[in-house]
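Put chain B on the given structure of chain A with help from the hints.
Protein chains: 2
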Amino acid sequence: MTEEKRRRGRPARKAADEGPGARERILQAARAEFAERGYDRTTMRGIARAAGVDAALVHHYFGTKDDVFAAAIEVSFEPAMVLPQILGQGEAGIGERLARYFIGIWENPATRAPLLAIVRSALTHEAAAKVLRGFVLRRLLERVAGELDVPDPRFRAELAASHMVGIVILRYVIQVEPLASVDPEEIVRMVAPSLQRYLTEDVDGRPTED
Amino acid sequence: MTEEKRRRGRPARKAADEGPGARERILQAARAEFAERGYDRTTMRGIARAAGVDAALVHHYFGTKDDVFAAAIEVSFEPAMVLPQILGQGEAGIGERLARYFIGIWENPATRAPLLAIVRSALTHEAAAKVLRGFVLRRLLERVAGELDVPDPRFRAELAASHMVGIVILRYVIQVEPLASVDPEEIVRMVAPSLQRYLTEDVDGRPTED
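Respectively, the protein sequence lines represent chains A and B.
If you're matching positions, the first sequence starts at 1 in the working numbering and goes up one per residue.
If you're matching positions, the second sequence starts at 1001 in the working numbering and goes up one per residue.
There may be inaccurate statements among the hints.
To be verified - Now the stretches of chain A that chain B is said to cover, found in silico as 3 or more residues with beta-carbon under 8 Å:
hint : stretch
1    : 110-123
2    : 126-135
3    : 160-166
4    : 179-190
What the hints assert, rightly or not - Here chain B is said to cover these stretches of chain A; the calculated rule only asks that three of the stretch's residues, wherever they fall, bring their Cβ under 8 Å from a Cβ of chain B:
hint : stretch
5    : 145-155
6    : 193-202
Unchecked claim - So these bits of chain A aren't anywhere near chain B, every CB distance computed over 10 Å:
hint : residue
7    : A32
8    : A35
9    : Q89
10   : R100
For the record, the hints were derived by calculation from the structure and aren't laboratory data.
C-beta atoms are modelled at their ideal positions from N, C-alpha and C, and glycine is treated no differently.
Chain A extracted, bound-state conformation:
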């Protein structure tokens, strides 16, 4: 089958595609593609090409482009691995652990570029916003909220998330000084008490326990 023919028709699956690293390779390629092209101009075929696999395999592992997009977000946050660590150590210090985790993801250049692209896509394309909304709700906020012993736990989790999102925007996107250059631990130190209050104190500011 010629390269031209394969581009037009349904691509043949190659034996090399099926290796155990294929799924991970596709995810890395997807992050790079979304980062470089944005949500709109990223295609399943382009992701497949960048990963060195057939488009059929991308469909096989992930389904639609939106599903790949959601998986590309998730691989950056690793919620299944990290959230239990943050939430499982009790209420004391939860604000600090959450702030450090979130800032840490953005301080890592390997995760920052694709995440920036994802955030930009979500802010400019309703389809991408919908994916992020679904992902943020299902995977991150609900898990956090499920561990909280406060009224309106999801609202509280969203308030904490909003603060971290805003810091990301001002520090990494708009790059307002001195916030853009300050030591990340300085941000954690200042922000942790705000997150702690949202996640563990009742409306009038009294701790719900401890």
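Chain B alone, transformed into the frame defined by chain A:
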């Protein structure tokens, strides 16, 4: 001079342009143009056409496209009018007043649409980000910081701003529930203590005065 000719050459200034409302009309047109087309595709000529004035008058009043962009942001925030009210009443309640002012601008549909467009532009175009950075720094954050009696007042002002920006992103852009539908006063009530801490308390959480 024919309409076709005027489009090609430097437009003649009409007597009607010079009315006292021309500047305001240009600003309204600029906000609408930036909102509809985004930063990149908005032109001085397009703004002039929408305002019913000659492009030369837009240049006369504002200079460059970036200057119009900055002015379009500023007219939404009205910092000259509003900031003295927020800052001039002492430290007690400053977090609540700032939160209510900021949310209020976004709850008003007349200011929300153009602001959303401006935020989207700043998040996706470096030129727009640079304008917002300059504006945010010069006009808003420095004025707020100038009134604060805390260490690193600009950093503190930016932390407060970051929280409000993040709420705007989650509530109005990504529209995460329940944050997207909750009564604005509920947000003010929850967020005000965080802003108050940034703007008036020292690093260890002790009030700097009162």
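Here is what the structure says about each hint:
1. 110-123: Contact hint for the stretch 110-123 of chain A vs chain B: holds, 4 residues under 8 Å.
2. 126-135: holds (count 3)
3. 160-166: holds (count 6)
4. 179-190: Since three or more residues must qualify, the claim that chain B covers the stretch 179-190 of chain A holds, with 6 doing so at under 8 Å.
5. 145-155: It holds: at least three residues are needed, and the stretch 145-155 of chain A offers 3 whose Cβ sits within less than 8 Å of chain B.
6. 193-202: holds (count 4)
7. A32: Non-interface label on A:A32 holds, nearest chain B Cβ at 18 Å vs cutoff 10 Å.
8. A35: Non-interface label stands for A:A35: nearest chain B Cβ at 13 Å, farther than 10 Å.
9. Q89: Label holds. Min Cβ-Cβ 22 Å, cutoff 10 Å.
10. R100: At roughly 16 Å from the nearest Cβ of chain B, A:R100 sits farther out than 10 Å, so the non-interface label holds.
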